[in-house]
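Asks: Sequence:
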Amino acid sequence: MSAREEILARIATAVAGADDVEIPRDYRTERHVEDLVGLFAERVDDYRAIVHVIPAADVPARIAECAGDRRMIVPDGFAGPGSLDEAGGLDDADGVITSCAVAIAETGTIVLDHGAGQGTRAQTLVPDYHLCVVRADQIVAGVPEAIARLDPARPLTWISGPSATSDIELNRVEGVHGPRTLEVIIST
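By UniProt numbering, the letter at position 56 of the sequence shown is numbered 56, and the numbering carries on one by one without gaps.
Treat the hints with care, since some could be wrong.
[Said to hold, decoys possible] What follows is a list of derived Cβ distance ranges for each label pair:
no.	residue 1	residue 2	range
1	LEU150	ALA61	24 to 32 Å
2	ARG121	ILE147	13 to 21 Å
3	VAL33	GLY89	36 to 44 Å
4	GLY68	ASP167	57 to 65 Å
Everything labelled a hint here was simulated from the structure, so no lab data went into it. Even glycine gets a Cβ: it sits at the ideal position worked out from N, Cα and C.
Hey, can you work out the whole structure from these sequences and the hints?
Replies: Pasting the structure below:
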């Protein structure tokens, strides 16, 4: 018997009957958090994003203020102020403004499923600036709750702060694989 055959035989013996073993799936799927908005804002801030927690009525004015004179990609289905300077395409864009599918308080993660108001993956990863509007009712405590709200057949982009990586000397470099600046408006 060759070494390969011996290894495969050991694996076959180890997994024999594994299909008959019931795996418990009773892990926690919900977590109670007193202040979802506060925890999410804190975690997003930890990732070096700019965070604004404001009443829903103030969102249009804050969007205009944050966008400033940037040429913004405004995805189909995004309900925002009509005063934005819209970019003609990716090459003309200084930034993108999106909504989200869900946001996770525990991890400070924003999830896009690229539905209405969220743009395409390229629209959200190519511009140097991303402004994301998150409604308080879109924030869940943990990952299991977020997964339950998402359609696994949709393209998902998980964002935890501005794009960042480290070089071989562990020097942080921002903006290499996506927007260098992430600004989040949390609408309460």
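Asks: Does each hint hold? Answer for all of them.
Replies: Hints versus structure:
Under the hint 24 to 32 Å, the C-beta atoms of LEU150 and ALA61, about 31 Å apart, fit the expected range. Separated by about 19 Å at the C-beta atoms, ARG121 and ILE147 satisfy the suggested range of 13 to 21 Å. At roughly 40 Å, the beta-carbon separation of VAL33 and GLY89 lies within the given 36 to 44 Å, and the hint holds. Look at GLY68 against ASP167: about 31 Å separates their beta carbons, and that is not inside 57 to 65 Å.
Consistency with the previously given hints fails for number 4 only.
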